[in-house]
Structure formats: C-alpha cells, structure tokens
Amino acid sequence: MKKNIYLDYAATTYIDSEVLQKMKPYLTSAYGNASSLYSLGREAKAAIEKARDDIAKILGVLPSKIIFTGSGTESDNLAIFGIAQAYRDYGNHVIISKIEHKAVLESAKKLEKQGFKVTYLNVDSQGSVKLAEFKKALSKKTILVSIMYANNEIGTIQTIKEISWIIKRFRKNNLLPAFHTDACQAAGALSLKIKDLGVDLLTLNGSKIYGPKGSGCLYVNKDYKIEPLIVGGSQEMGLRAGTENTALIVGFSEALKLAEKLRKKESQRLKNLRDYFIKKVLKIIPNARLNGHPQKRLPNNINLSFAGIEGESLVLKLDQYGISASTGSACTSTDLTPSHVLLALGMSEELASASLRLTLGRKTTEEDLDYVLKILPKIVEELRKMSAIRL
Amino acid sequence: MKKIKTNWLYSQTVKEHFLNPKNVLWDEKNYQFDGKGTAGNPVCGDVMMVWIKVDPKTQKIKDCKWRTYGCGAAIASTSMLSMMVTEKGGMPLKKALNLKPQEIVKRLGGLPALKFHCSVLGQAALKEAINDYLKKQKRKK
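Chains as they are written, first to last, in our numbering: chain A, 375 to 765; chain B, 8 to 148.
Mixed in with the good hints there might be a few duds.
Result set (DSBU-like, lysine-lysine): computed pairs, CA atoms no more than 35 angstroms apart in a straight line [claimed, not checked]:
#1 B:K142 - A:K737
#2 A:K515 - A:K638
#3 B:K29 - A:K476
#4 A:K748 - B:K95
#5 A:K635 - B:K10
#6 B:K29 - A:K587
#7 B:K12 - A:K587
#8 A:K377 - B:K60
Rather than coming from a laboratory, the hints here were simulated on the basis of the structure.
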C-alpha cells in the first residue's frame, strides 16, 4: 500500500476530532445569529463569549479586545492597517522584518503606496532580527513595529521579549510605536502569555493548531484603538462586521485550548524527532545544510537545502512515495520567485531554490521519519545525477 | 466520502517524462559526442545541458543526451526534446535548429504559462549543441 506521510503541518493541520465534535452543534441545531434576541441567538452569543474568555485566559488578558477574524492573514491585515490608519496623524513610519509572512509584508508594501515609510529589518544568517539595527530604526515617527514570533519557513524564533523591552524603553510613557507579533506558527509550541511577550497586538489562527481553517483572532491591548477593515455591523465591538461564524470561533478556541494543554509534552516529543532527523539527514546526505537556527527554532520545523537540485522536483518525487512536504523553491508552477525568507538569510538564489521544508505534527512518528530517511537520499542522489550543475 | 478526482500538477505526459526521464546522460565520462550545448543559469532556476551525436552522411541527429537542473517541467521538457529529435531515424539538423518550443509543449500535452520558458531553454541548449557540432565540422574542413 502506498504510504501517506504528511510532513507539512506548518501549511495546515487536520481538525482534531474532539474539536470537530464541539463545533458540530453550531453547524446544525444551534445555528442562531449571535445578534438575535431570542434564545437561539443568545445561545450562539454565549458560545462566542465563552470562546473569547477561553482564549483570553490562555493569553492572560482581559477578553475585551480579542477580535475574531476569518484567518491569520486577516488578523495581520487588521493589525497593520488598523493601527496605521488610527494613528496616521502621529507618524508615518512602520518597522517590520524582511522575513515576515506575506500577510504582513504585503500589507506593509500597500502602506508604502499610501505614503507610509517602511523599514524592512535585516536578519542574520540564521534568521534572527538584529537588535542593534532595530534600535537604530526606531524614530519618533514610528507608529508600529510588526515582527513575527516564529517563522513559518525556517522556524526561527525571535526574541520578542527583548524587542518589546527595547520598544518600551524607547517610547517611555508614550503609546507609540505599538508592537504586533504574528504568532500563528508559535501557538501550540511556545508560550502565548502577553505579559511575558510584552506585545500590544498578537495574531493567531486556527488552521495550524488542529482547528478549522477560516478562523483566527487579533488581540489588541485595550489602550489602542484600531480602524476596522470590514464595516457594516456592530459585531466584534464594531471592529469586524459580519455575522459571526459560531462553529469556527468555537472550533478555534477549543483547538487553542487543546494545543495549550498538550504544548509542553508535544513540543518535547517533536523536538526529539526533529533533532533525530536533522542529525541523521546531515550525516547521510552529502552537501546538505540546515536552514535557520539550530536551537532557536520551532520544535516541528526542519528546513534543508540540497545544493545542485531544485526544490519542486524534489517535492514532486517525494509525493510519488507518499510523502507530503513543501519547498521554498523558485520554481513552483504558480510562483517563480524564490523564498524571500531564504534570500534574506543571505543564501544564493540557487541554494534557496534547493530547499525542502518538513514540518512535523501530532501524528508524526519516528517510523515516518525513518521512511523519509530511506527515500530522501535516493531521490537527492538521482536528481543530482540528472542535474546540469555538478557540485 | 466520495473522493474528488485530482489532477497532477502537470499533464500526464509531463508526469511520465518527469518520473521516467528518457536519454539522461548520467555519466559523460565515456560518452563520445559531436556537439554540446548549455542554456539557462541557476539564478533563473533552470540549467540544461544537451549532448548530440550526428550522422555525418545524413546530417541527422543519431543520439541526444541531456542533464537538467530545474523543476518538473524543465526535466520533462528536456526529456521530451531528446525523444523528439531522435525518433523516426533522427531529426535533420536543419529541422532541429528550427524546432519551436511550442512543438515541445504540444507534445507534452501543455505546460502552465509560467513554465513555458522551460521548453525554450531546452531548445536553446539543443541549438547550441548543433552549432557546436557545425563549428567543429567547419574547423575540420
């Protein structure tokens, strides 16, 4: 039988069956509009408010400014445009890193078109933001800093706490700049306590934590106002109009609760698997390298480059063996530009195109990885022999 | 649950050529060739090398080998190219020089628009190989 080994958990996850069970009533019998006054509506409203409370508890904040959205991408957009538009009279400068998710990167680019100035911070060869460069970039005109908690491609974890300290020292008693972090990849792996992180806004979503796609939230510290992206109703404190999708909101919060419950144990298990694989693969395959930081990386992230071959062919060959993985390749059928993250590490376009990302999850076993360790070297060797570039 | 039928990323022919490429020159050590050509560069994502043997009497391509650094479409394009110029007793050099990338794409059952350049590069490498052969012939005379 053909194997089916999913190693792309950073792309998305399945919905946990317990989570799905908790969502089901809101798709069928408890279908009320949360704005309605009768009991069916109030039932939906209560479920949404409970979800909000549950998430607030995990973040260690008051539930008042957790805004449910339709995705991590939407939350990122809401954070960036929401703050930029609300505080544009106070300054026109925004700072982000070069390795942000496209949801942040493209939002910043759009701000530039609207007359904002954006600083794109460099990272070192392992993907960490350079703090000295960041300090220098801050100015009186800076209204927003957005730096991701952990990177989706290479898994590098940023020192969010130190960045927030720098911001706090810089702004003294002022409100600005506000600090937003995209924590979509960090959820379930790292602490989400706002007090420890020191951030003012934080993005989360459901599709990476065994919750439903199309769900997410933005936490906003109560001292900040934001401009909504979507208007047309008073839902979510008027910050996100549209009838609430109760099932997705419930699923998202249940998934986050479960991820938080399993976090320590599962992170350790994945870390062991990750390090086991990395050690072996670097030993077996010549001219292989690990991208990102060896320690300060997400427990489930493996990102490798194999000089001389191209990522898309590698992924397609792995697929033939039932292994689902992804690439930062320049040459996928929908996008010809190499990964902006790998290029920001200072990698050549050639090496950036030769990358493979394996992200582990709840169903990944050592057996799965041993199978990949058996198949991958063969494929790499074959593609290298077929390659016009000789190492 | 009924499973939705999915298409592969590329056409069935591309898939076949990608998974079982024809005429790869795995090792050129003992390979006697008459012409050799290269096209592309790693920055643009594809590099192709083509080696040919020519029948001096008929001026037809007797053998065509290749190696490609690139995506699935690039590998399949060069494989298909090597097959097209050697089938039916070999393609006359003149015809091969004027082979259009569109003809390769057609034989592959189509390529995504973004991948059209893969077929162009293969053809460019072949052209270089033929010109290399023709140059050598001139020198001999």
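**Asked** Is the straight-line distance between the alpha-carbon of K635 of chain A and that of K10 of chain B 35 angstroms or less?
**Response** It holds: about 34 angstroms lies between the C-alpha atoms, which stays within 35 angstroms.
**35 angstroms limit on alpha-carbon distance, applied to hinted pair K377 of chain A and K60 of chain B** = The hint is violated at about 42 angstroms.
**Message:** So if I understand the rule, the pair passes when the alpha-carbon distance is 35 angstroms or less; does K29 of chain B with K587 of chain A pass?
**Reply:** violated (42 angstroms)
**Message:** Hinted pair, alpha-carbon criterion (35 angstroms max): K748 of chain A, K95 of chain B. Please report holds or violated.
**Reply:** Judged against 35 angstroms, a Cα distance of about 40 angstroms means the pair is violated.
**Asked** Does the alpha-carbon distance linking K29 of chain B and K476 of chain A stay inside the 35 angstroms limit?
**Response** With a Cα-Cα distance of about 39 angstroms, the restraint between K29 of chain B and K476 of chain A is violated, given a limit of 35 angstroms.
**Request:** Could you grab the alpha-carbon distance between K12 of chain B and K587 of chain A and see if it respects the 35 angstroms cut-off?
**Result:** Roughly 22 angstroms separates the two Cα atoms, so the pair holds.
**Message:** Need the status of pair K515 of chain A, K638 of chain A: alpha-carbon distance at most 35 angstroms?
**Reply:** violated (40 angstroms)
**Asked** If you draw a straight line from the CA of K142 of chain B to the CA of K737 of chain A, is it 35 angstroms or shorter?
**Response** The given pair, whose Cα atoms are some 60 angstroms apart, is violated under the 35 angstroms limit.
Checked against the numbered hints above, the structure breaks hints 1, 2, 3, 4, 6, 8 and satisfies the rest.
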